[in-house]
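Engineer: Residue numbers (numbering that gives the first Met the number 0), protein chains in the order written: chain B, 0 to 652; chain L, 0 to 126; chain D, 0 to 176.
Treat the hints with care, since some could be wrong.
Unchecked claim - With the Cβ distance kept under 8 Å, some of the chain D side facing chain B (calculated, not the full set):
#1 Ser3
#2 Ala8
#3 Leu9
#4 Val15
#5 Ala17
#6 Leu22
#7 Val109
It is worth saying that the hints were derived from the structure and are not from the lab. Remember, it's a predicted structure, so these values are computed and weren't measured experimentally. Here a beta-carbon is modelled for each residue, glycine too, at the ideal position from N, C-alpha and C.
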Amino acid sequence: MTLTWLGRVALYICFVGSIGGVIEQIVALRHRRASRALWWAGLSLAGIVAAIAVMEFALVTHNFSLAYVAENNATFTPLLYSITGMWSALEGSLMLWVLLQSLVTLGVLFYYRRDAADAVVRWAGLILFSIGGFFTLIMMGPADPFIHNAALVHQGAGPNALLQDNPLVAIHPPLLYLGFVGFSVPFAFAIAMLITGRVQDRWPLEQRRWTVLAWGSLSLGIVLGAWWSYQVLGWGGFWGWDPVENAALLPWLTATAYIHSVIVQDRRGLFRVWNLSLAVATFALTILGTFFTRSGVLVSVHAFSSSTLGPILIGFFFVIVVVGAGLLAWRGDRLRARVGVDHPLSREGLFVANNILFVGFAIVVLLGTVFPLLYQAINGTQVTVGTPYFASVAAPVAVVLLLLMAIAPLVSWRSADAKVLWERTRVSAWAGVVAVVLLLIFGVRRPAEVVAVFLSVLAAGAALRTLRGALVAAIRRGAWRSVLRAPATGGMIVHLGVVILALGIVTSTTYVRRAEVTLASGQSTVVDGQLVRFMGFHAVSDALRSATQLKVSVDGHELRPAVTTYHGRGGTTVGTPAIDSNLARDVYVTFDAVGGNGSTSGAQVQNNLPAGSVVLGVTVEPLLAWLWLGGLTIGLGSALSFFRRRYGDEASK
Amino acid sequence: MTILRSFALWCVAFVAVVTFAVVLNPHGSNASARIAHLETLVRCPSCDDLSVAVSNATSAIAVRHEIATKVHAGQSDNKILTSLESAYGTSILLSPPTSGLGLLLWIVPLFGLLILIASAIRLTRRR
Amino acid sequence: MKRSVMVSALTAMVVVVALSLFLATRHPVGGATNTQSPLLGKMAPVVSGARLGGGSPLNIKDDRGKVIVVNFWASWCGPCVTEAPNLSTFAWQERNRGVVVVGVVFDDTVSAAQAFAAHYGSLYPSVIDPGGVITNRYGVTSPPTTFIINAKGVVVATLIGPVSTRQLEVAVAKVKA
Numbered sequence: 000m001t002l003t004w005l006g007r008v009a010l011y012i013c014f015v016g017s018i019g020g021v022i023e024q025i026v027a028l029r030h031r032r033a034s035r036a037l038w039w040a041g042l043s044l045a046g047i048v049a050a051i052a053v054m055e056f057a058l059v060t061h062n063f064s065l066a067y068v069a070e071n072n073a074t075f076t077p078l079l080y081s082i083t084g085m086w087s088a089l090e091g092s093l094m095l096w097v098l099l100q101s102l103v104t105l106g107v108l109f110y111y112r113r114d115a116a117d118a119v120v121r122w123a124g125l126i127l128f129s130i131g132g133f134f135t136l137i138m139m140g141p142a143d144p145f146i147h148n149a150a151l152v153h154q155g156a157g158p159n160a161l162l163q164d165n166p167l168v169a170i171h172p173p174l175l176y177l178g179f180v181g182f183s184v185p186f187a188f189a190i191a192m193l194i195t196g197r198v199q200d201r202w203p204l205e206q207r208r209w210t211v212l213a214w215g216s217l218s219l220g221i222v223l224g225a226w227w228s229y230q231v232l233g234w235g236g237f238w239g240w241d242p243v244e245n246a247a248l249l250p251w252l253t254a255t256a257y258i259h260s261v262i263v264q265d266r267r268g269l270f271r272v273w274n275l276s277l278a279v280a281t282f283a284l285t286i287l288g289t290f291f292t293r294s295g296v297l298v299s300v301h302a303f304s305s306s307t308l309g310p311i312l313i314g315f316f317f318v319i320v321v322v323g324a325g326l327l328a329w330r331g332d333r334l335r336a337r338v339g340v341d342h343p344l345s346r347e348g349l350f351v352a353n354n355i356l357f358v359g360f361a362i363v364v365l366l367g368t369v370f371p372l373l374y375q376a377i378n379g380t381q382v383t384v385g386t387p388y389f390a391s392v393a394a395p396v397a398v399v400l401l402l403l404m405a406i407a408p409l410v411s412w413r414s415a416d417a418k419v420l421w422e423r424t425r426v427s428a429w430a431g432v433v434a435v436v437l438l439l440i441f442g443v444r445r446p447a448e449v450v451a452v453f454l455s456v457l458a459a460g461a462a463l464r465t466l467r468g469a470l471v472a473a474i475r476r477g478a479w480r481s482v483l484r485a486p487a488t489g490g491m492i493v494h495l496g497v498v499i500l501a502l503g504i505v506t507s508t509t510y511v512r513r514a515e516v517t518l519a520s521g522q523s524t525v526v527d528g529q530l531v532r533f534m535g536f537h538a539v540s541d542a543l544r545s546a547t548q549l550k551v552s553v554d555g556h557e558l559r560p561a562v563t564t565y566h567g568r569g570g571t572t573v574g575t576p577a578i579d580s581n582l583a584r585d586v587y588v589t590f591d592a593v594g595g596n597g598s599t600s601g602a603q604v605q606n607n608l609p610a611g612s613v614v615l616g617v618t619v620e621p622l623l624a625w626l627w628l629g630g631l632t633i634g635l636g637s638a639l640s641f642f643r644r645r646y647g648d649e650a651s652k
Numbered sequence: 000m001t002i003l004r005s006f007a008l009w010c011v012a013f014v015a016v017v018t019f020a021v022v023l024n025p026h027g028s029n030a031s032a033r034i035a036h037l038e039t040l041v042r043c044p045s046c047d048d049l050s051v052a053v054s055n056a057t058s059a060i061a062v063r064h065e066i067a068t069k070v071h072a073g074q075s076d077n078k079i080l081t082s083l084e085s086a087y088g089t090s091i092l093l094s095p096p097t098s099g100l101g102l103l104l105w106i107v108p109l110f111g112l113l114i115l116i117a118s119a120i121r122l123t124r125r126r
Numbered sequence: 000m001k002r003s004v005m006v007s008a009l010t011a012m013v014v015v016v017a018l019s020l021f022l023a024t025r026h027p028v029g030g031a032t033n034t035q036s037p038l039l040g041k042m043a044p045v046v047s048g049a050r051l052g053g054g055s056p057l058n059i060k061d062d063r064g065k066v067i068v069v070n071f072w073a074s075w076c077g078p079c080v081t082e083a084p085n086l087s088t089f090a091w092q093e094r095n096r097g098v099v100v101v102g103v104v105f106d107d108t109v110s111a112a113q114a115f116a117a118h119y120g121s122l123y124p125s126v127i128d129p130g131g132v133i134t135n136r137y138g139v140t141s142p143p144t145t146f147i148i149n150a151k152g153v154v155v156a157t158l159i160g161p162v163s164t165r166q167l168e169v170a171v172a173k174v175k176a
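Isolated chain B (complex conformation) (with noise of 0.2 Å):
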C-alpha cells in the first residue's frame, strides 16, 4: 500500500502545484503584483518526479502491490524494457505527459522570468499550468497509475511484446510527446495575445524558438515511430494511415503550416490571424490526437486501451477550440494587417498556398479518419478508409509541395518577376531534365517514380542555391562557420532531407518486391537479384523469451527472422522480421510458415510441405533506408534552426 500511497500523494502535489500556479497567475493578473509562478512551477515539477520516482522504482524491483506494475511488468523482464514500462500503458504514458508539460512550463517561466511582470507572460503561464494541472487531473480519477493491487501476485503480465522488442521505445513516445507538450507554448502566448489584444510586440517572434523545438522533437518523433513500427510489425511498410498515426500526424500538419507561416510575420508583419489560428489548431488537433489515441473509439494497432476518457478528452478539446475561435472571433478583425499580399507569386503568396495545402491536407485526413465513425453512425454498416484513399489525396499535395519548395525560397518578397526567377531555377530546371532522361535510359520508368526525381531535383536545387548564397556571405565576410546560424541555413537543410525522405517513400513504396519463398535447410533462391539462403533453425530461449530463429543469409549478411514468445501471463508469440539495409534497398525476411506436422516455434503450420523447411517472405525495398536518413537530416536541420540568428542581426541576404 505504501507505494500507492506515495504516488498519490506525489500526484496530489503536481496537481497543487498547477492549481497554485494558476490562482498565482490570476491574483497576480488582477492585483499587477509579483508573481511567485516560478515556485509553483517548481513544485509541480517535483511532484511529478517523485511520482515518476515511485513508479520507476516500483518496475525495476518488480514491485507487483502496483496494479500497472503487475500489468506492464515481470520478474525477467530487463531493465531498458522495465524502465520504460512507465511509459508503455496509457496512465504511465501520461505521467510522462505531465512530466514534459511541467518541464516545459517551469522552463518557459524561467527564460521569461525578467518579463514575468508583462501579462502575456502572466496569461501565457496561467494556461500552461491548466494544462497540466488538467492531465494531472485525469491521473488523480480515471486514469490512476498508482492503483493498489490487492492480489498477491507472483508474477506479472510483462509489458506487451511488441513494447520489449526494440529499444526505440525508450525514445520514441518521449520525443514525440515533447513536440505535443512543445505545441502548448505557441498556443498558451497565442490565447495570451488574444487575450491581451497584444498581437504587434515581440511575441510572435519570440515563439519561434519554442516551435522549432518542438516542431523538430515531432519530426523526429513521427519518424521514429515509423521507423520502429518497420521494424517490428512485420509487413515490410511503414505507415498504415493507422488513426493513430494520423493523431499524430495531424498536428504536424498545422505546425508546419504554422513554422512558413511566421516567417512571414516576422519579414512583413502579415498572417497574424493565420498564425493565431494555427497555433491554437495545432494544439486543439494534439488533444485530439490523445482522444483517438486512449479513447478506444477507433481500432488501432498503436491505441492504448479503450477507457473512459473519451468524452473527457473531448472536452477538453472542445474548450480549446470554442475559447481559442471565440478569442479570435472577438479579436480577429482588429488584428488583420493593414498590407496585404501583393502577388500570388511573390514570396508570401506561395506561402499562402503552402497554409492552404497543408490545413486543407489535415483536414482531409481527419474526414477520412473519423469517416468510418460518420458512415457508421448514418448507415450502420462498416467501412474502412485506407491507404488507397489517403495515397490518392496526398499524392497531388506532395507533388504541388514539391514545386514550391522548389520555387519559394527563390522568389522575392512583394513581387513576382517571372524572368528572375527562370534565372535563378534554370540550372536545377535542366539537372532535372538530365537525370529524368537518365532514369529513362537505365530502366526507370514508372511514372510516379520520374516525377518524384524531377521535383526533388528542383526542390534539392533550390535548397542548395540559398545554402551557397549564405555561404558565399559567410566567407566573404571572414567567417565562414557563421553560415551555421543564418537565418535560412536550417530550414534549407531540412527542405533537403524532406527532398530524401520523400525519394525514399516514393521508391520503395513503387519499386517494392515481395515474395514467398520456400526452402529447405542449404537450399537458396534468388528474390529481386538478393541471394537468400536458408541455413538451419536455432533455438533461443532466456528469461524473456523463446524464439526460434531461422539462420538466413541475405546477400552474405546473416540474418536471423525468428518468431518469438514472450513469458509472462499473456505469453504472447509474435514474428520478429530480420532486415538487411543498406543505402540502395533493404530486404525484409520474415518467418511465416514451418513444415511438417507440428512445431513448437509457435508459427504457422504447413502440412503440405515437409518437415524442416520454411515459407520465408522476402521484402526487397529500394532506398528504404533514405526514409531514416532524410528524417535525420530533417532533426539536423531543425537543431540549425534552433540556434539561428535573427534577422537584423547581420547583414545578410
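Let chain B serve as the given structure and place chains L and D on it in line with the hints.
Structural biologist: For chains L and D alone, kept in the frame of chain B given last:
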C-alpha cells in the same frame, strides 16, 4: 541568349522528355498487374488496415488466391470487388464506395483545391 | 460578403462543436470481425467433451434444431475478458429463444479456465479440449473466435475478436431470418 529563349529551349526539352517517358512506359493491364492492383484495394480480413497485398496472414493469402482465380477467370475488376464485398461486408474494401456518403470523401479535397485556386485568383485580381 | 475573421472563426467553432459532440457519443470498439473461414457453409465439426466444472459431458449435437454459438476462449486472453460479460448476457437473454451458447477452452489449464469462468460469472457451459482436437477441427488460431451455427448444423458465420452483445444479436437474427 535571352531569358525567354532559354526558357523556351528548356520547355522544348521538357516536353520531349515527357513524351519519351509516356511512350516508353509499359501500360500494364495484363493479368499480374491487375491482380497486384486489386490486392492493394482489399483489406486483409483479420487485420485492421493492411491490404492483402502486404499481409501474410492466412486469411490474406486466401483472399489473394481468390482474386487471382477470379482475374484468370476473366471477371472484371468491378465484379471481383463487388463479390468480395458481398462475402465479407463493405469494410473489406480499403476505400469506401464513392456513392452516397462516400462522395463526401472526394468532395472535400476537391473543395480544398477550389479554395486554393480561388485564393490565387483573388490575389491576382486585387492588384 | 467581406471576408471576416469573425465569420470564419464562428464557422470553425460550429463545425468543431458538432465534431466533438459526435465523437463524445461514440462507444469504444468491442468489435469482432466477420471472417471468411473454410468452414462457412459446411457442417459444423463435432464439439463434445467433458464439461468445465464437472457434470455430464456435453455434445452440441444434442442442440440440433437450435442456433448454436460456439466461442473459443482462454483465461490468458485479454479480449476474452472483454467479451465474457457480453456472451453471458446474450446467453441469458436468448435462453428460451432457441439459441444456445457453448464455450470451448482453448489451450489452457483446467484450473485456470475454471477460475476464469467462476470469476466472470459464466452463464453458459464450456467444454474442455485436451489436445486441442476441437480447436484444430475448427481451425482456430487464436481466441477469442466465435462460430455461429444454424439450426441445421451448418456454420454460417465466423467472428474473430471480442464480440459485443449487439453483434451477436445481429448475427443470430440473420440466421433465424
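Engineer: Which numbered conditions among the earlier hints are violated in the structure presented, ordered from lowest to highest?
Structural biologist: Of the numbered hints, 5, 7 do not hold.
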